[in-house]
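**Q** Once you've looked at the hints, dock chain Y against the given chain F.
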Amino acid sequence: MDQATRPPPGAGIEVVDRRGRRGSSLRILWMMPWLLMMAVLLWFGAQDFGVANQGVLALLLLAVLLVLHVTRLTKVCRTFFIFTAAFLSWRYVSWRVADTLPDPTSWAFIPGVLLFAAEIYGILMLFLGVFVNIRPIDRPTAPLALDPAELPTVDVFVPSYNEPEDLLETTLIAASQMTYPRDKLRVYLLDDGGTAQKQNDRDPRKAKEAIARNRTLQLLCARLGCFYLTRERNEHAKAGNINAALGKTDGDLILILDADHVPTEDFLQNTVGHFAQDPKLFMVQSPHFFINPDPLERNLDTFGRMPSENEMFYQVGQRGLDSWNASFFCGSAAVLRRTYLVSIGGIQGTSITEDAETALELHAKGLSSRYVAKPMIAGLSPDTFASFIGQRSRWAQGMIQILLLKNPLWKRGLHLSQRISYLSSMVFWLFPVARMLFLITPLAYLFFGMQIYRASYQEFVAYGLAHLAASLLLTNFMFGHVRWPFISELYEIAQAPFLVRAIGSVLLRPRAPTFKVTAKAERLDRNFVSELSRPLVLLLGLLAIGTIAGVARWYAFPLERENVAIVLGWNLFNLLFVLGAIGVVHEQKQRRGMPRVPRSLTAAATIGGSLVPVQIADLSVGGAQLKLDEEAEIYRDLAHGAGSLDVELRGEIRTIPFEIRHAVVEDDVLVLGIRFDCQTEAQRVDVVSLCFGSSDAWVSFQAARQHPRTVIGGFLHFANLCLVKGTLGIIAGLRQGQVDAVPAAVGHAARKLALPQDLIQGAKSDA
Amino acid sequence: MPERTKAPCRARCPSGLLVTTATLLGMCLSAVQAQEASDDRPIPLLHGDVDLRGSMDEVVVPVIIPPDKAFDRATLNLSYSNALAVLPDRSGLDLALNGRPLATLPLVGAQGAAGASIDLPAGILQSGRNEFRFQVRQAHRLPCSRERFEELWSKLRQDASSLTLHGTGERKPVDPASITAFLAASAFDGEPLAIAARAPADLTTMELGSRVAQAVALVRGDRPLSVDALATEGLDWPRFAGRNLALIGTMEDLSPFLEPEDLASLVEGRPLIRRLPADPDHVAMFFVGSDMAAAKRAVDGFAGMATRPLEPPRLFEIDRAGEFKLSDLGFRTQELPMGVTEPMQLQFRLPPSFYAADGQRMELVLNYAYADSMAATAALVVKVNGISATKIRLDDPRGAIVDGARMNLTLGMFHPGINTIAIYPMLDPVSEAACMKDGPVLSLFEDGRLSMPEFARLTHGGDLRDLVDDGFPYGQEQAQVMVSGRDPATIGAAYTLLGKLSQRHGELLGRLEFVPAGATPRGHLIAVGTPDTLPPSLVAKLGLPWQAGEEPVPVAQSPLADATATPVAASTPDPRDSWRSRLSEEDGRAGGSLLDRLRELLISGASAEGETAGLVRPAAPAASLPGSGGAMLVEVASPWAPERIATVLVADRAGYLLPGIDEIIEEPRWSELGGDRVRWRARDNDVIAERLNPRFPLQVPEPDPVQWRLAALTWLAQNRLIWLGLMVGALMSASLVTSLLLRMRRH
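Chains as they are written, first to last, in the working numbering: chain F, 1 to 767; chain Y, 768 to 1514.
The following block holds chain F by itself, in its conformation from the complex (with noise of 0.2 angstroms):
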């Protein structure tokens, strides 16, 4: 038995490490005189001693952040920084508890409090975040044993649903791929589409389909030397999938990755030394990378040049939640220890974020986790803005119903700090209600006058501007390279009128909601208007018609221009947020179900008989952009022509084959549209390793985009955004409104998931 796997516990024996609960005791004990100054700095931040004092202190402190923020000296003051910033966020939650809510007897009391709630509820996330990610940590690489014969096996688990074959064929190829002796890796496709249930359906044609996909997977296994799994029926969805498998496989670790997760060949490489490092280790998790835009990014033109949504997450938010070992399984892209996994009865199933669930499960009977922030698999994000509300609700329904049935508060077995990331993500899918509440309370002023927050001019610039900017400079120091400023929000707020419903129905039914499968590689012919732009639209002209009745207000009532100009700002801002969310909902056409990323590599071609070195600008498995600097007017002759392509993959120079589709010259370059075409099942190897065999290009690619900008520069490109954007938007939406036309372009996926209903009660399940 190797290192890696001993000493493996029985299933359903409790994994606590007596003499770490002894050390926890110790630890306590020593942080006695920690636990007492952070009582007394919150009790005395806790304490009013007048606006004047306040108004001073938020000077002092915001300037300690911005000359801490320009001179870069947060990083050796991160945590004085986290702090002081956070200091002032406590000293306004203080004063807005004791001093602003509405008088009980009004009718403003009601919104008053609502709006309270969203702000203690926004309080407490940045709270949760300052937790969770004062300090990050940085994983270094554990190396693999140098024998090969003392690592341990691996299973890699690709489940599928629905998905297509080639799709499929590239995740298997790649995962076949992975440096890692050939004897100790096994490659399975999980089939749930091509099930004995799914083979008999009532359906003569879903059972035909069901049938074909069957047989040609098995064939696509075979030919890349994968194995084929499937069961009888479909239970129990991915999760069940898995568990499926786990009685059929007996490798000592298991790489989940899920049919779009395309792995490099460095995964097990970067991801197997930990498990010979810590025994109790349960999981090593790896970043999503995506190589296409979500709709987001895509309908707002920011991919690329923006940080992509899931990298504060990945890239910062679970480094955090790895410093306090509750970095959690998110369904791919990690290795999971067999033994542990199956101690609890393979993947957990009570919530449809089987993923989350089964960490949590783990890491209750005191086994650890890890994360390696490299991004080693490249996948797809949905495609239409329908599926990424989709994937989103399933998210925040699966999160939520952990909240309810497992809560990570009471859970026997975690630590403090383990509870306290555990509820920090689960907490956080109630953003939508918040969002909501933001965005409609400042109406109750406007229409009808209530007081729903009370404070003077002076009170809300001391403590509340004062929170307000801390914020902005906390977020932005911690996320900034990750998240520009006001994108959080945006997206937010773009999915909050649809998640709200999500969520209410999974609390009000906390046992209801089925998994759904995320529709992916999907394409768009045209650019049309979402239909889930109804309620948006509808957020947008409740909100204007707000503004004018603050704009008369302004007028009818002068002694209140004070109130009326801090809540019309409000409202305004608001108001921008949602036009940029109507903006998002303008969906962009999206003609390559694979995308092609950008791509810096120089390699030799072969064109017209000759060789010359070639820029290879972008690729995908299916094509790529070529770029020649020298004598481009000759080569342009032969645009139409075929080619090879030299490159070094594996330590030696492999050849592609490939048609020449089109020639353009740019700036005396001329640059040469391929598409491959592979002949043998090598070349097929080989285009899927020059794609996606490098991790180095997917750090390269992001760390193109990372790069932070200030509030105020994240702003004006945030207005921007939402003006141009959004206006384009309602123009779009009043065209498409006058030809009454259905965007029949719509892939499947997003015409099934527009429906809110749908949203709302989830499907049945798939399985």
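One or more of the hints may lead you astray.
[As the list claims (entries may be wrong)] Listed next, with one range per pair, are the computed distances between beta-carbon atoms:
id, chain 1, residue 1, chain 2, residue 2, range
1, Y, Ala1479, F, Leu716, 43 to 53 angstroms
2, F, Phe127, Y, Ser1198, 30 to 40 angstroms
3, Y, Ala1200, F, Arg561, 21 to 31 angstroms
[Said to hold, decoys possible] Covered stretches of chain Y (chain F as the covering partner; in silico rule of three or more C-beta atoms under 8 angstroms from a C-beta of chain F):
id, region
4, 1137 to 1150
5, 1163 to 1176
6, 1432 to 1443
7, 1479 to 1485
8, 1489 to 1499
9, 1502 to 1509
If you are wondering where the hints come from, they were derived from the structure by calculation, not from laboratory data.
Glycine included, C-beta positions come from ideal geometry on N, C-alpha and C.
**A** Below, chain Y without anything else, positioned relative to chain F:
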């Protein structure tokens, strides 16, 4: 100077009328000059012009007729003017005396100052206190609006307003029983009292003299009393003319002023009061005995008779946390017609131990109703001790009955002693028709309430407000008086100060002990003198603003000043000096610390800083320009005893002490003093209150965790730099320890 405050007048006024008393405005000083009735000389009625504002306003002018006056009728001559904006047809000035209507005078501003002569019916005017009530009703010529209501004013002019008593010219004798009523007469307003002794600087004499000064000041109510101390040596009766006189000493000391028949009554221990031979309008009071002990008995007898002529209504004292109805505070439901601009007031007293800062809030809940005739700009503006705190909008076009309009007033705006919450009606009519409606448009009900939170109790010194409100702590606790100068001017200034303190305290300061200049007092201390005569350890704490060797400037002196005070050299003031002074003040303000300036910036917006009273200006650096010499009243911590106050009246030269304190105790200036010092500058003859030092505790907090917490928080709120340092220090410590702990994580 009227001796009463606003409250008693309010209590007698009809509901719904705004009353502005002469005392509060500080402009109405009824001065009935003593005169020979037989020659029918007019008696000035007012000490200054009196303004009446808004659509309706009222002022009560008290006049005290001395008991020795014999008269059978009187004539009131009134000179007044009003704004051109006042519409005569719908305006008028109603007069009443002692509650009986006298006349209604027209308001015709276009004709300039108007005059009226009114014969007062027999018997309506009486000896002692009389009250003239002047009430205006004013309408605007143009369509009404709030701004136009503020353009409505009428002015009672001092120059030609008078009261003439007609009688036989006969004087009733002044005896010991009527002496206090005699001394209280308005006729003596503005006149000093002279206290003469053979050795005025003797400690016993000074103690007796101070009691006499306090007693006379007390019977004069709130009207200031200047006291001259005189040495009898070389003086005779004609030199005493023009003021009432107290003579203190043994029979041997004062034998030149005593007649043989006087000796008999003095030996029998009877007090002696005699009209001045050269001035029968004034009296001499002899506090004389065979020895100083007998003289002291005479003084005690006189002091025992001294009481305030009219006890002001006792203000409600909020001495604990709790909820109080406005009616508990003496507030009665008020109904205001359109156009009233004067505020409704809530007055109450906070205990001397009150110690709270902006971090705590008092909740004021107002119940009110307003008519549908208001424009959207109508509001009630709430001011606390003259500082804008908040406003309530009256902007429902249908009118409204509002129960429970809540507002938070930061406790930092309040202070120990008398506090005033003024509610200014900004009644903006929605139309001309709204102004034509009769009846009230706003009612503020007495069932509103005020919630006081638990506040820290920690008595502090170093705030003149405590002193000016009730003479704290000299009426309550044992104290010493140190008059360091031997000259009569210094002694007179001490008498004047003590007289004022007894007025504010409401009774004689009975726990004073006079000590010599070299003593080291262990209790609270009142010190009067010049820097070169006061103890150096005390002078070192004063932060004196004067340079040595400044040229003195001429000061208005009483006729006897040249004989009793340090001679003052004449000098010609440079007109640039006033500009230099002003500029130095501005520089001082602009030159404050960054924090102070930021604070000012914030406060100017918030208008919610409780520590600055109207007259208090930011601390200016000690003026070192020529002409900045003068006198200063300052409260510092006693250098000799912990938790004790030293109240020091100091001047750069002795000759400035008396004129300085005379200016400082003028109303309404005295009542509005704040900070830890008030400075009178001789050259500019102006008075500036300021704070250089923070207040200092006079006790330790009560042994109660809540009190310790409140006191500590209040102290921190008032010591911003320390508070900021603690905040930042706590942040740094917590983040440092957290950072260390984070590095120790093993995962």
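**Q** Now, for every hint given, state plainly whether the structure supports it.
**A** Now for the hints, and whether the structure bears them out:
{"no.": "1", "hint": "Y/Ala1479 with F/Leu716: 43 to 53 angstroms", "verdict": "holds (46 angstroms)"}
{"no.": "2", "hint": "F/Phe127 with Y/Ser1198: 30 to 40 angstroms", "verdict": "violated (54 angstroms)"}
{"no.": "3", "hint": "Y/Ala1200 with F/Arg561: 21 to 31 angstroms", "verdict": "holds (27 angstroms)"}
{"no.": "4", "hint": "1137 to 1150", "verdict": "holds (count 3)"}
{"no.": "5", "hint": "1163 to 1176", "verdict": "holds (count 3)"}
{"no.": "6", "hint": "1432 to 1443", "verdict": "violated (count 0)"}
{"no.": "7", "hint": "1479 to 1485", "verdict": "holds (count 3)"}
{"no.": "8", "hint": "1489 to 1499", "verdict": "holds (count 8)"}
{"no.": "9", "hint": "1502 to 1509", "verdict": "holds (count 7)"}
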